[in-house]
Each structure stands twice: as structure tokens, then as C-alpha cells.
Amino acid sequence: MSKRVIIVGGGVGGTIIANLLAKKMRPEIRKGELIIDVISDKAEHFYQPGLLYMLFGLKQYEELVRDERGLLDPMVELHLNPAVGIDKDKNEVRLKNGVVMKYDILVIATGSKPAPEMIPGLKEGGHWFYELDACLKLRNELMNFKGGKIVLTIGMPHKCPVAPLEVTYMLDDWFRQRGIRDKVDYTYTYPIAKLHGIDSVAQFASKTFPKRGIKSEIFFNMKEVDPNKKTVTSIEGTTLKYDLLISVPPHKGANVIEDSGLGQGGFIPTDKFTLKMKDSKNIYVVGDTTNLPISKAGSTAHFESDVIVENIASELRDGLTPFRYDGKVFCFIETGLTKATYVMFNYETPPNPVAPSALIHWLKLTYNKVYWLTPMGIL
Amino acid sequence: MTEAELREIEPTVTIDARDAYCPGPLMELIKEMRQQPVGSIIELMSGDAGSAKDVPEWLNKVHQEFLGVISESDYWRIFSRKIIEI
Ligand SMILES: Cc1cc2nc3c(=O)[nH]c(=O)nc-3n(C[C@H](O)[C@H](O)[C@H](O)COP(=O)(O)OP(=O)(O)OC[C@H]3O[C@@H](n4cnc5c(N)ncnc54)[C@H](O)[C@@H]3O)c2cc1C
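These protein sequences, in sequence, are chains A and B.
Note that this note's numbering has the first sequence beginning at 6, numbered continuously upward.
Note that this note's numbering has the second sequence beginning at 480, numbered continuously upward.
Hints should not be assumed to be uniformly reliable.
Stated by the list, open to error - No farther apart than 27 Å at their CA atoms in a straight line, the calculated lysine-lysine pairs in the DSS-like style are these:
id, chain 1, residue 1, chain 2, residue 2
1, A, K95, A, K220
2, A, K28, A, K235
3, A, K95, A, K234
4, B, K532, A, K286
5, B, K532, A, K212
6, B, K532, A, K228
7, A, K128, B, K532
8, A, K64, A, K8
9, B, K540, A, K199
10, A, K246, A, K28
11, A, K154, B, K540
12, A, K220, B, K540
13, A, K107, A, K128
14, A, K36, B, K532
15, A, K246, A, K235
16, A, K128, A, K151
17, A, K154, A, K344
18, A, K277, B, K540
19, A, K151, A, K47
20, A, K220, B, K532
21, A, K142, A, K47
22, A, K228, A, K128
23, A, K234, B, K540
24, B, K540, A, K235
25, A, K142, B, K540
26, A, K36, B, K540
Unchecked claim - Far from chain B by the CB rule (all over 12 Å, computed), these chain A residues:
id, residue
27, K29
28, I159
29, H201
30, I223
31, A302
32, A318
33, D331
34, E353
35, K369
What the hints assert, rightly or not - Quick list of the computed label-pair ranges, beta carbon to beta carbon:
id, chain 1, residue 1, chain 2, residue 2, range
36, B, L485, A, G75, 34 to 42 Å
37, A, L137, B, K540, 48 to 56 Å
38, B, A483, A, L364, 33 to 41 Å
39, B, Q515, A, R322, 41 to 49 Å
40, A, R183, B, G529, 48 to 56 Å
If you are wondering where the hints come from, they were derived from the structure by calculation, not from laboratory data.
Owing to the predicted nature of the structure, the values given are computational and were not obtained by experimental measurement.
Even glycine gets a Cβ: it sits at the ideal position worked out from N, Cα and C.
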């Protein structure tokens, strides 16, 4: 009987795992001993980090999207139907069309998404750039913005923890380029006592914000937005007035996770080293879907995928899972429209950004173009 | 609470944020405090000395109860109780 590895979610993590596993296990797939399935709720693979550039008109939709089938190894089966139930006791995944698929090993890679509805008034009164339609709407607002108060707010949890800072620096440069920076009163808020979760990045922000005229408000966790009065209030009791509210809404995991009782808020309790779902022997969790206290980022999903693939292959061949994830994360940080820095860290080593440079910015722009090699398992 | 009392506590949820450089221990606590029902006791394990100061300060601002902190050899165990909805 052939073994079946099912991967739910065809985003960064799911696609890398499917492709690397198909390459590694080619002999077994050819002999009919292994089947690899990807279950995806959409036919397109969208490069989310591109939204940060699309916001300024620097990227167009067609540059950020590819057909998922085209990215996948031909030996991987793709099922274009959302998973609506996962039964970990019966080893089954149920699709929306009623099909039930049995697995030997399951990989959950369903990602996370903004849930503005969690904050009263945010959907009506706020804007965000973390999703395509919302990004285009905000872009429209920005293109017509003549000046006034902009407030940036951040909900927990959220993916790409450096993006709020990046968008702040990019907006600052962009308003300068348009010659209206003096008409923009910009306030960056952050949930904790400093300007970013990473100490060194927070210090960098503390040094650069005053020079660039960026105001800040710490200990600010959104409680509610009043779209009529145009105010946003924090649970700490501060109310800020805005003309344009840009937010990173709190995120949720996929509905199927909560509906299947696998994790609160759609995030799954996961072992930080093996990346297996807690108390499970045959379910791996990758990327944004884990509840690990590390950055929800494409790079995290990428580095985790390498470990999961090695363990699945080794488990199928030898019954062993010796590989461990060391917590590695790598994130570029745009510090404007012409320069960038980066942070790299793992469970043991704290991050420390280098001085921003044009070279790192160009590296990021290059990566944006060659990203497709990552899900293909090449880069 | 005394250290002996804190050691007796059975938390509703424990967050192990000892290796959490980004987004960081307090961010994890904020997320959990919003998700858990009123009455929950949350233990936050942090390797960041700053947490022993930041966490009580934030709890005070949002009117949640700070129960105390135990200093272990290379990390801190910070206990809090959710007493009102946020
Ligand atoms: C504006 C922005 C900027 C970013 N910048 C960066 C950056 O510079 N660097 C970086 O590393 N990361 C960045 N990220 C974060 C990065 O995009 C995510 O962390 C990454 O995509 C997570 O990968 P994943 O595989 O966990 O989930 P995803 O890539 O989101 O994939 C999840 C997939 O599962 C599918 N799915 C969900 N539910 C179901 C279901 N029930 N059935 C079937 N399929 C389902 C989804 O449609 C999706 O295709 C950014 C994100 C945004 C929004």
C-alpha cells in the first residue's frame, strides 16, 4: 500500500514542502509507494510581501501572482478545494466538496489572515495593506491624500512584524518625494513599552523617528475605532484622532483549524524543535499556523519547511525524525524607498540590524523578483 | 503573592517566550490576555530582564492583576490574572 502525505495550504510553506519532498522521494513516488497531495483553496499563489510595494504603485498584481499548479512539481497532486475539517484521530481531511482524504502524514500550512472584525469599528473606520483588496483601497486613499493626521495601529498577533515599521519609513520618504511631508502628521503606535519587539530594531526606530518627524505612542493596543468621530482608542485608555487610520489588524489562523478543534484563534500548539503538533505523531505544522512565539514570516515558513521535509523523508524511509528547527528567521527591513537593513536570528542568537544601505534594498527588490524560486524549492 | 504561593499556582495557560526575540514576550502575553476568558491565570516565561518591569507596568495600565514574579536562574516566570474583559 502506498503512503500518503497530505499538505493543507499551498502558500509559502506548503508549496516548498511539497516540492522538496517530491524531489527527495522521487524513487518512492515513481514506484507508487508514496503520494503527495496539496489541498489549496485557490488556484493562484500570491506573493504577499509585494503588497508593501503595491501600496505605492511600485508593483502590479500580475508581478505578484503565479499559477500554483505551475509552481508545483508535476508529481504532486493538487486539489483545488478548501479543507473544512481535519480529524486527527481518524487521520482524515474533509474537503468542502464532501471528499474525505486519508493521510499517513499531514502537514498543516494554512497561514494566517487579518481579522479586522475583532476590533469594533476597525473594518469601517480603518485601512490595511495586508490583503490585496484592502491594499488597493488604501493605495487609492494615499494617492488622494493632501495632508492631515495619519495614525498607524497594530493588533496582535500579526505576520511580518517589521512591515509596520517599513511602511512608516516608506510613507515618510514617499510624502517627502511628493512634497507634502510638512502637511502630514504621522503617529506610529506600538503595543508594548518600546517601538518594536526586537530591542535593537526598537533602538534604531527611537534614533531615526525624531530625525524624520515621526511621532510615536507606546503601550497602544486597539480597543475600538469610532469611524464617525474618526478616533481610535486603546485598551490602555489613550484616544487618538485620525484623518487616515492605517492598521495591521490582529490576525487569525484558518477557520478549519478552529472548526476542527486544533487550536484557539486558528493557531496550533506546536513543538518548537520538531514542528509536530503537540501530542501528535504524524501531524506537522509550518509557518504562520504554529502558535510558536516567533515571527510569522515567509522566511520562518521556509526554514521550517527544510526541517519538516528532512524529517518526513527520514520517517518514511527509516522511521526516524532526527532533525530540529533552530528558530532561524531572516527579515529584510526597508528603511525608506532607497535603503534597507536586515535582521537574522534564531532561538539562541538575538537579532542585530546592520547599517541600512542601498545594496540591501536592491537585494530585497531582487528577491521580490526571484521569489518564485523559493516555493519551487530552488532558492 | 509570596514566591511559595506563586509556585503553588496552576496556571490556565503557560507561555514559554524564553526564546522569543520577535515579536517578544509582552506581545505574546497581550495576545493571550485578549484570547483567554476572565478568571484565567497566565504564566509568562521570559528570558528578557526587561519583562519583569514592562509586564507589571502594562498590566497596571489595562487594569489586570499582577500576581508576582519568580526569578529562576536564567529566566523569569511572571504570573497574572485576567480580571476584566479587554
Ligand atoms: C504586507 C506583507 C508583507 C510581508 N513581508 C514579508 C517579508 O518581507 N518577509 C517575510 O519573510 N515575510 C513577509 N510576510 C509574511 C509572509 O507572507 C507570511 O508569513 C507567509 O506567507 C506565511 O507562509 P505560510 O505558508 O504559513 O502561509 P501562506 O503563505 O499565507 O499560505 C497559506 C495558504 O493556505 C491556504 N488556505 C487557507 N485555508 C485553507 C483551507 N481551509 N484549505 C485549503 N487551503 C487553505 C491559503 O489560501 C494560502 O494559500 C509579509 C506579509 C504581508 C501581508
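Verification of the supplied hints:
1. A:K95 - A:K220: violated (54 Å)
2. A:K28 - A:K235: Violated - the C-alpha atoms of K235 (chain A) and K28 (chain A) are around 54 Å apart, more than 27 Å.
3. A:K95 - A:K234: The given pair, whose Cα atoms are some 52 Å apart, is violated under the 27 Å limit.
4. B:K532 - A:K286: violated (39 Å)
5. B:K532 - A:K212: Holds, at roughly 22 Å.
6. B:K532 - A:K228: holds (23 Å)
7. A:K128 - B:K532: Roughly 34 Å between the alpha carbons, so the hint for K128 (chain A) and K532 (chain B) is violated.
8. A:K64 - A:K8: Violated. K64 (chain A) to K8 (chain A) sits at ~42 Å, over the 27 Å cutoff.
9. B:K540 - A:K199: holds (15 Å)
10. A:K246 - A:K28: violated (54 Å)
11. A:K154 - B:K540: Holds, at about 25 Å.
12. A:K220 - B:K540: holds (21 Å)
13. A:K107 - A:K128: violated (39 Å)
14. A:K36 - B:K532: violated (60 Å)
15. A:K246 - A:K235: The given pair, whose Cα atoms are some 6 Å apart, holds under the 27 Å limit.
16. A:K128 - A:K151: Given that 27 Å is the threshold and the Cα spacing comes to 23 Å, the pair holds.
17. A:K154 - A:K344: holds (25 Å)
18. A:K277 - B:K540: violated (32 Å)
19. A:K151 - A:K47: violated (38 Å)
20. A:K220 - B:K532: Roughly 24 Å separates the two Cα atoms, so the pair holds.
21. A:K142 - A:K47: holds (22 Å)
22. A:K228 - A:K128: holds (13 Å)
23. A:K234 - B:K540: holds (24 Å)
24. B:K540 - A:K235: Between K540 (chain B) and K235 (chain A) the Cα gap is close to 24 Å, so the pair holds against 27 Å.
25. A:K142 - B:K540: Not OK: K142 (chain A) and K540 (chain B) at ~34 Å, beyond 27 Å, violated.
26. A:K36 - B:K540: Distance ~63 Å between K36 (chain A) and K540 (chain B) Cα, so the pair is violated.
27. K29: holds (29 Å)
28. I159: Non-interface label on I159 (chain A) violated, nearest chain B Cβ at 9 Å vs cutoff 12 Å.
29. H201: Contrary to the label, H201 (chain A) does not stay out of reach of chain B, its closest Cβ about 8 Å off (not over 12 Å).
30. I223: Nearest chain B Cβ is 10 Å from I223 (chain A), so the label is violated.
31. A302: violated (9 Å)
32. A318: Answer for A318 (chain A): holds, closest chain B Cβ roughly 27 Å.
33. D331: Incorrect as stated: the minimum Cβ-Cβ distance to chain B is 10 Å, not above 12 Å.
34. E353: Label violated. Min Cβ-Cβ 7 Å, cutoff 12 Å.
35. K369: holds (18 Å)
36. B:L485 - A:G75: 34 to 42 Å: The hinted range 34 to 42 Å is violated for L485 (chain B) and G75 (chain A), with Cβ atoms some 56 Å apart.
37. A:L137 - B:K540: 48 to 56 Å: violated (36 Å)
38. B:A483 - A:L364: 33 to 41 Å: At 56 Å between Cβs, range violated.
39. B:Q515 - A:R322: 41 to 49 Å: Given range 41 to 49 Å: holds, Cβ gap about 42 Å.
40. A:R183 - B:G529: 48 to 56 Å: For R183 (chain A) and G529 (chain B) the Cβ distance comes to about 38 Å; the hint is violated.
Hint violations for this structure: numbers 1, 2, 3, 4, 7, 8, 10, 13, 14, 18, 19, 25, 26, 28, 29, 30, 31, 33, 34, 36, 37, 38 and 40, all remaining hints satisfied.
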